[in-house]
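Asks: Which chain is which? The protein sequence lines are A and P, in order. Using numbering that gives the first Met the number 0, read the first sequence as starting at 0 and increasing by one per residue. Using numbering that gives the first Met the number 0, read the second sequence as starting at 0 and increasing by one per residue.
There's no promise every hint is true.
For identical chains, the list gives no copy identity; a pair is met inside one copy or between any two copies.
Straight-line C-alpha distance at most 20 Å; calculated SDA-like pairs for lysine to any residue [said to hold, decoys possible]: (1) Lys26 / Asp109; (2) Lys140 / Thr223; (3) Lys26 / Gln13; (4) Lys12 / Asp47; (5) Lys26 / Gly101; (6) Lys26 / Thr111; (7) Lys26 / Phe39; (8) Lys43 / Ser221; (9) Lys207 / Leu272; (10) Lys140 / Tyr246; (11) Lys26 / Asn98; (12) Lys26 / Ala112; (13) Lys76 / His139; (14) Lys26 / Glu197; (15) Lys207 / Asp109; (16) Lys26 / Gly97; (17) Lys43 / Thr223; (18) Lys76 / Asp196.
I should point out that these hints are in silico values taken from the structure, not numbers from a laboratory.
Chain residues, written in single-letter form:
Protein chains: 2
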Amino acid sequence: MTYSELSELIFRKQSYLCVGLDTDPRKLPTHLLGESDPVFTFNKAIIDATADLTVAYKPNLAFYEAQGPRGWESLQKTLDYLPADCFTIADAKRGDIGNTSGLYARTFFDPTAAGLHFDSVTVAPYMGQDSVMPFLDYNHKWVILLALTSNPGSADFQRQPVAEQELFEVVIETAQTWVGPDHHERLMFVVGATQADELTRIRALAPKNFLLVPGVGAQGGSLTDVSRYGLTPDGGLLVNASRNILYASSGADFAERARAEAQSLQRQMAEHLATLP
Amino acid sequence: MTYSELSELIFRKQSYLCVGLDTDPRKLPTHLLGESDPVFTFNKAIIDATADLTVAYKPNLAFYEAQGPRGWESLQKTLDYLPADCFTIADAKRGDIGNTSGLYARTFFDPTAAGLHFDSVTVAPYMGQDSVMPFLDYNHKWVILLALTSNPGSADFQRQPVAEQELFEVVIETAQTWVGPDHHERLMFVVGATQADELTRIRALAPKNFLLVPGVGAQGGSLTDVSRYGLTPDGGLLVNASRNILYASSGADFAERARAEAQSLQRQMAEHLATLP
Numbered sequence: 000m001t002y003s004e005l006s007e008l009i010f011r012k013q014s015y016l017c018v019g020l021d022t023d024p025r026k027l028p029t030h031l032l033g034e035s036d037p038v039f040t041f042n043k044a045i046i047d048a049t050a051d052l053t054v055a056y057k058p059n060l061a062f063y064e065a066q067g068p069r070g071w072e073s074l075q076k077t078l079d080y081l082p083a084d085c086f087t088i089a090d091a092k093r094g095d096i097g098n099t100s101g102l103y104a105r106t107f108f109d110p111t112a113a114g115l116h117f118d119s120v121t122v123a124p125y126m127g128q129d130s131v132m133p134f135l136d137y138n139h140k141w142v143i144l145l146a147l148t149s150n151p152g153s154a155d156f157q158r159q160p161v162a163e164q165e166l167f168e169v170v171i172e173t174a175q176t177w178v179g180p181d182h183h184e185r186l187m188f189v190v191g192a193t194q195a196d197e198l199t200r201i202r203a204l205a206p207k208n209f210l211l212v213p214g215v216g217a218q219g220g221s222l223t224d225v226s227r228y229g230l231t232p233d234g235g236l237l238v239n240a241s242r243n244i245l246y247a248s249s250g251a252d253f254a255e256r257a258r259a260e261a262q263s264l265q266r267q268m269a270e271h272l273a274t275l276p
Numbered sequence: 000m001t002y003s004e005l006s007e008l009i010f011r012k013q014s015y016l017c018v019g020l021d022t023d024p025r026k027l028p029t030h031l032l033g034e035s036d037p038v039f040t041f042n043k044a045i046i047d048a049t050a051d052l053t054v055a056y057k058p059n060l061a062f063y064e065a066q067g068p069r070g071w072e073s074l075q076k077t078l079d080y081l082p083a084d085c086f087t088i089a090d091a092k093r094g095d096i097g098n099t100s101g102l103y104a105r106t107f108f109d110p111t112a113a114g115l116h117f118d119s120v121t122v123a124p125y126m127g128q129d130s131v132m133p134f135l136d137y138n139h140k141w142v143i144l145l146a147l148t149s150n151p152g153s154a155d156f157q158r159q160p161v162a163e164q165e166l167f168e169v170v171i172e173t174a175q176t177w178v179g180p181d182h183h184e185r186l187m188f189v190v191g192a193t194q195a196d197e198l199t200r201i202r203a204l205a206p207k208n209f210l211l212v213p214g215v216g217a218q219g220g221s222l223t224d225v226s227r228y229g230l231t232p233d234g235g236l237l238v239n240a241s242r243n244i245l246y247a248s249s250g251a252d253f254a255e256r257a258r259a260e261a262q263s264l265q266r267q268m269a270e271h272l273a274t275l276p
């Protein structure tokens with residue numbers, strides 16, 4: 000999916016909601032446990048209930064890997080089931096030396112390898128340029144680079160002062176130089192920031208890049224502030240919610256309640272989009 | 000495996016060799032391609048040929064994931080086949096917010112999850128303390144934290160000046176404070192450094208921690224310098240070789256040639272160990 004396609008999708012669906020498919024087999028409604036692949040059955044119901052309100056889906060790889068080969072099969076089926084008008088994110092936080100990153104890219108992008116065909120993958124920047132570029136060697140595929148994450152540990156290194164900046168700002172600036180002038184086309188940043196001054200600083204460094212914001216819902220964070228300081232004329236935001244949607248109910252009405260949660264977020268997003276010039 | 004068990008293993012086998020099982024199905028000897036699981040058959044032969052010369056095996060997850068569910072099955076079988084007197088490393092470079100890192104830890108450490116039971120996993124530090132600690136919640140399991148990697152991109156962020164140090168030095172110092180006074184017991188660092196002054200600086204910061212050095216062989220680097228400046232009275236080093244051993248020959252003699260390569264490294268290591276006070 001291209002930058003302009005993603006942008007169009009946001010305005011058509013009036014939403015920049017990303018649903019995090021952090022599907023934990025231990026949290027599934029009990030009536031699904033008799034299914035042959037309860038994780039896929041659950042994901043299918045969540046997708047059916049939310050697809051018209053959602054621009055992106057983000058399976059978190061850890062939840063699938065923890066099931067071994069069976070989990071990878073659930074992941075493949077989930078990805079195949081996702082509608083074409085949704086952006087897909089492998090939330091995998093990968094990053095290794097060049098030839099290994101190349102294999103991770105093949106895993107997530109090339110369906111002839113592991114049966115996966117994500118639009119994008121989250122990448123950890125610590126190993127630098129040659130650990131990131133192999134993901135961008137795939138046309139039309141995106142890197143979503145960790146910049147400022149939303150967890151307490153983000154203070155340990157990301158906020159270390161480097162010259163006049165903090166490390167995450169160096170990451171945002173440097174990564175753009177790797178990709179060239181159209182870097183915003185396929186380079187997105189994970190930004191857990193929800194405070195006005197942080198978002199303002201980040202937008203100054205990356206005025207057009209999409210930001211993936213994981214901080215709404217279980218991880219805290221205000222949709223209003225994120226939208227006010229993060230939205231751009233192209234949209235420029237994907238705001239993720241996982242647990243609040245997936246586990247809105249543990250009963251037979253789980254999909255219906257998931258839709259209600261997604262709809263509430265989508266309606267707020269439509270209001271924020273209406274304020275754009 | 001405990002610190003003292005790993006140390007004993009090094010002196011008993013007179014080796015600190017780690018064999019990287021970066022098994023690429025596209026590089027296997029052609030006579031193996033008819034096997035039902037050529038990757039496992041290859042790994043089995045490499046392990047049989049090198050186990051007495053090797054203290055650690057390090058499957059690189061990217062090579063297995065790129066095969067999808069089938070790759071995970073090859074990985075499970077390989078891990079089950081490894082002899083008990085070898086330290087096992089999941090080279091996965093994981094790291095995410097706390098609950099997700101907890102799931103990755105379960106994946107690699109708890110055999111009831113994905114069928115895996117590694118001794119250790121490589122972890123990327125960018126997301127800080129709460130992304131690392133869930134791996135240490137498992138007794139007797141180790142974290143191998145990326146500090147200074149051996150690839151060109153290590154210059155981008157790891158060598159950024161932070162106060163009077165470089166970022167990788169802050170990582171080494173800070174991570175030790177997370178774990179407490181016996182941090183060396185289960186905290187290892189990935190150090191691609193092969194230069195005397197770098198290793199000397201790192202040893203000053205981490206005098207007892209094991210260092211996993213990936214830089215010998217295909218990635219360049221001198222075993223003599225690494226050994227001279229990296230060895231400690233407990234051993235304190237694991238030096239990895241992958242491609243030089245795995246692909247020493249592409250013919251029917253691949254295992255025999257792999258053994259010869261491993262033996263050459265082991266003999267040099269025995270000489271370096273003999274110089275310890």
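Asks: What hints, given by number in increasing order, does this structure fail?
Replies: 2, 3, 8, 10, 13, 14, 15, 17 and 18
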